[in-house]
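**Q** For the sequence shown, this note's numbering gives the first residue as -11, with consecutive numbering after it.
Worth flagging that the hints you see were computed from the coordinates, not collected in a lab.
Where a beta carbon is used, it is the ideal one built from N, C-alpha and C, also for glycine.
Don't take every hint at face value.
To be verified - Derived CB-CB ranges, DEER-like:
#, residue 1, residue 2, range
1, E139, H284, 21 to 27 Å
2, G77, L253, 51 to 57 Å
3, V132, P251, 46 to 52 Å
Unchecked claim - Straight-line alpha carbon distances no greater than 25 Å define the calculated DSS-like cross-link-like pairs of lysine-lysine that follow:
#, residue 1, residue 2
4, K51, K153
5, K49, K153
6, K215, K225
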Amino acid sequence: MSTGEAFGSQSLGCNSAHQEQMSSVKKVEGNHAKSQSPDIRDKSISGRVTLRSDSNPTLSKNKLLNLILSELSNATDERVLEYQAVDIGTAHRVAEELDRLVENAPFRLSYDSLLQNLRVVIMPTELHDSHVPWFENSLAQMLVSGFLTIEEIVILERYPGTTFKSFGPPYQASRKEPDYCVKPIGSRLPTLVLESGWSESRPQLYHDRDLWLRGGQGFVQVILIVKWTKIADKRVKGDIEVFDLDVAGNVRLLQHEIIFPAPDLALALSQHITITRHQLFGLNQPAGQNRAQFTHLSLNDLRVIAARNMGSDGYTPA
């Protein structure tokens, strides 16, 4: 059994919705229009559809719901939908209806109440979710090295795609489903969050960063952002950034590392992400432990997993 298996590594790659669920989606759509008019669609970036607020200043719950259901039922690969200028009440009703109608469908929904943006990521790919086995394997290595004990591993519960709503001002009406997070038992919000972008843009990922850190009410200690970018000839670039808040409450970049193109072997093997005990445990730090104690996550391990996963979709590292 591999280390990842021994730790019950959870895969974020959601299964396709059951046939009866897709059938119910189609019934709900009924005879409503399944396409948007050309002036409200932005497909300038492959896999991304943005409904612009200047074309549709008011979007009803039913209109939004039908647009999203249509995309869900017709999707064949990963894509991100972003709807702008969506008021809080409408966003929450749409989320509740989607939860009810398409449970277990392969999508993640987020709502930023400050920007009033509703975003849906459909069918996350294996590459998109490469960070999950990477971080689970890293936790196992922390156990083997003695950085964490078995009891501490149990405290550090991990969740992919779980909905969180307990955000503070100015994000108190927001909803977020992280790509992966560490949430110690007893904490209302995660301490460590990992967001990944494949069809999502970097600005979208930065909006997520701000929501987690500024709306995290002191619970969220650090966020890791992995960005994968498609370039010519089906090649993929990638990098990872690590952020926290400084003492003044400003977002601060702690690290930025290139994943692809891979550097020479010696440098590749030395690349790592530094994580402290405080970033893992936050306010739930076990008594008597040094909160500044740190460990390293091998970036080359993520590189190997990502290269394998992108190969299954016909891509190669840049």
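**Q** Against the 25 Å threshold, does the CA-CA distance of K49 and K153 hold or violate the hint?
**A** 20 Å, holds
**Q** How does the Cβ-Cβ distance of E139 and H284 compare with 21 to 27 Å: does it lie in that range?
**A** Cβ of E139 to Cβ of H284: about 22 Å, so the range 21 to 27 Å holds.
**Q** Verify the CB-CB distance for G77 and L253 against the hinted window 51 to 57 Å.
**A** Because 55 Å falls inside the window, the suggested range holds.
**Q** Does K225 lie within 25 Å of K215 when you go C-alpha to C-alpha?
**A** 8 Å, holds
**Q** Hint says 46 to 52 Å; check whether the CB-CB distance for V132 and P251 agrees.
**A** Check failed, 26 Å falls outside 46 to 52 Å.
**Q** Hinted pair, alpha-carbon criterion (25 Å max): K51, K153. Please report holds or violated.
**A** 24 Å, holds
Of the numbered hints stated above, the single one contradicted by the structure is hint 3.
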